[in-house]
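This is what each chain is made of:
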Amino acid sequence: MQRNLTLLHRLINIQIRSQLQYPFSFFMEILGSALIQSFFFISFALVIVRFEEIGGWNLGEVAFIWGMTEFSFGLMDMIFSGFDYDYFGPLIRLGRFDQLLLRPVNITLQVLGSRFVLRRIGKIFQGAVIFLFGLSQVGVNWTPLRIIYIPILIISQVLFFGSLFIIGATTTFWTMERLEILNIFTYGGSEIMSYPMHIFPRAIRLIFTYIVPAIFLSYFPAVFILEKTDPLNAPRIVSFIAPLVSLILLWIALRFWRYGIKNYQSSGS
Amino acid sequence: MKSFFAIVRVSFRRQLTYRAANLSGLATNLMFGFFRAAVLVALYQDRANVNGLSIQGAITYAGLTQALIGFLSFFNWYEMMHSVYDGQVGSDLLKPQNFFFYWLGIDSGRAFGSFLIRSLPLFLVFSLFFEIVSPQTLLQGLAFTVSLILSHLISFGWRFLVNLAAFWTPNALGIGRFAFGLSWTFSGFFFPLALFPEWLARFSRATPFGASVYIPIEVCLNISQGTELIQGLFIQVFWALALLLVDHIILSLGIRKLVIQGG
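Protein chains in written order, with our numbering: chain A, 9 to 277; chain B, 54 to 316.
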């Protein structure tokens, strides 16, 4: 365990050092990603002024879940970048994954340490700003439970998105290339988690409840924290199962990952 | 000219061979179209019209922007940059074909292929789910087609310019991501520009990004008519020509700087 952690630390350190080789380029990338991402929210903020609210939620309340989701996704995208199927697909196709398999170190650890995208700081930062803006706007009735639940929620979201990345990476064992369709659940999931999810049509909601349980990680917990009325009339307990849902999903993702490795046949190139 | 069309044809055929990728991209864009349409519906509630944009228009907007992603490829294009880094650019520059038009040919074939198997089907499926707004007269349809072609020229002109950065620096990816970030920002891609404050809408529409993404949609949704439509097309022609000119100037400067890598 100790040895593995040291190794992971070292792998990530190399990544960071190499990414800082071109400081100007690096700075532009951070600025660029923070700019793009924050403009999505700024656009929304400019538009909602005309309408005042969306599904009974005002700008501050949306900012609260929007910022939290962006922050968690950015954090996940930095930590789990090795499992990003946009990167992992080519790794498989070019046969470079076979190289990793030959090394006498835990394979999951190697993939995790194979990539660490530092420029995601841009996305993390803009998520934090939006989240803090949301916090300053909403009058939350702070109780110890609500305060403790926020960091737990963020960790749950990171694990939730991370699990989706692991599942996405695993599918490339068979497809040999990244499938854009997975974006529906990862990037699409984070997009719809940024809104109060009751506004979406039933079919979309069902997919993001029973297939990819995104609704338990943003909408239901937010209903509890912000004390919103829930037009879906779900039982109150669903506000609190975010950590459980993400841990189960992570367990499934890791099982699938192991299964994928066991059945892995190289691309042969 | 003949070789230009030969390049377009080959590139068009290549685009059509990626069936799984195209289908998967189509499904993804369609779903994002649904998400964005749902958000707009929730915002509109029972308003029929906001600042000249009807609810049907707003829904169509969500579908159109998603349909155009593959066609314009506005936010993610590093092909020419890669050819600089792997040295392929050396032999490309030796070809008896203008370097700019060589890549324009490749990209036009790709765009046309993507339009046929991604944009059109997506829009057709989208229209099965929603009541949409489409060009009503032949003239409007014609204006829409012209506007789409100009959109592609602007999009290509911008992407070519961004990729030219590779002639100067060994790592232009960051500059590229930043530049493509700018094109997201002012294109009206996230929300219809008509819902923005007046000054920002007008500014965005005048940038090459708004000119490429928003103006054709405006024509399709019949938001702009008469002189406004003509003005919109003029903005597009201006940017297409301006970028063409700038690309050529920068390219001729870049060729002198270029160091061919690898082999």
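Simulated from the structure, these hints should not be mistaken for lab results. Take the hints with a grain of salt, since some may be wrong.
[As the list claims (entries may be wrong)] Okay, the calculated bits of chain B under chain A, using three or more residues with CB under 8 angstroms as the criterion:
| no. | segment |
| --- | --- |
| 1 | 145-152 |
| 2 | 168-177 |
| 3 | 245-254 |
| 4 | 260-274 |
[Said to hold, decoys possible] Examples of chain A residues lying across from chain B (beta carbon under 7 angstroms, computed):
| no. | residue |
| --- | --- |
| 5 | S46 |
| 6 | A53 |
| 7 | V55 |
| 8 | E60 |
| 9 | L67 |
| 10 | D92 |
| 11 | L110 |
| 12 | V137 |
| 13 | L140 |
| 14 | M184 |
| 15 | F193 |
| 16 | G196 |
| 17 | F208 |
| 18 | P209 |
[Said to hold, decoys possible] So the derived label-pair ranges between C-beta atoms look like this:
| no. | chain 1 | residue 1 | chain 2 | residue 2 | range |
| --- | --- | --- | --- | --- | --- |
| 19 | A | F59 | B | Y71 | 32 to 42 angstroms |
| 20 | B | N224 | A | M9 | 48 to 58 angstroms |
| 21 | B | Y71 | A | Y267 | 38 to 48 angstroms |
| 22 | B | V299 | A | L140 | 50 to 60 angstroms |
| 23 | A | Q107 | B | D139 | 42 to 52 angstroms |
Using N, Cα and C, we set each Cβ at its ideal position, and we do this for glycine too.
Okay, the hints, checked on the actual structure:
1. 145-152: Coverage by chain A is violated for the segment 145-152 of chain B (0 residues, Cβ < 8 angstroms).
2. 168-177: violated (count 0)
3. 245-254: Result for this restraint: holds, n = 4.
4. 260-274: violated (count 0)
5. S46: 9 angstroms, violated
6. A53: Since chain B brings no Cβ nearer than about 10 angstroms to A53 of chain A, farther than 7 angstroms, the hint is violated.
7. V55: 5 angstroms, holds
8. E60: 9 angstroms, violated
9. L67: Given a least distance of 12 angstroms, the restraint on L67 of chain A is violated.
10. D92: 15 angstroms, violated
11. L110: 27 angstroms, violated
12. V137: At 17 angstroms from the nearest chain B Cβ, V137 of chain A fails the 7 angstroms test, so the hint is violated.
13. L140: Violated: closest Cβ of chain B sits about 22 angstroms from L140 of chain A, beyond 7 angstroms.
14. M184: 11 angstroms, violated
15. F193: This interface hint is violated because 9 angstroms lies over the 7 angstroms limit.
16. G196: Holds - the Cβ of G196 of chain A comes within 7 angstroms of chain B, reaching about 6 angstroms at its closest.
17. F208: At 5 angstroms from the nearest chain B Cβ, F208 of chain A passes the 7 angstroms test, so the hint holds.
18. P209: Since chain B brings a Cβ to about 6 angstroms from P209 of chain A, closer than 7 angstroms, the hint holds.
19. A:F59 with B:Y71: 32 to 42 angstroms: Once the Cβ atoms are compared, 40 angstroms apart, the range 32 to 42 angstroms for Y71 of chain B and F59 of chain A holds.
20. B:N224 with A:M9: 48 to 58 angstroms: 37 angstroms, violated
21. B:Y71 with A:Y267: 38 to 48 angstroms: 28 angstroms, violated
22. B:V299 with A:L140: 50 to 60 angstroms: 40 angstroms, violated
23. A:Q107 with B:D139: 42 to 52 angstroms: 21 angstroms, violated
Checked against the numbered hints above, the structure violates hints 1, 2, 4, 5, 6, 8, 9, 10, 11, 12, 13, 14, 15, 20, 21, 22, 23; every other hint is satisfied.
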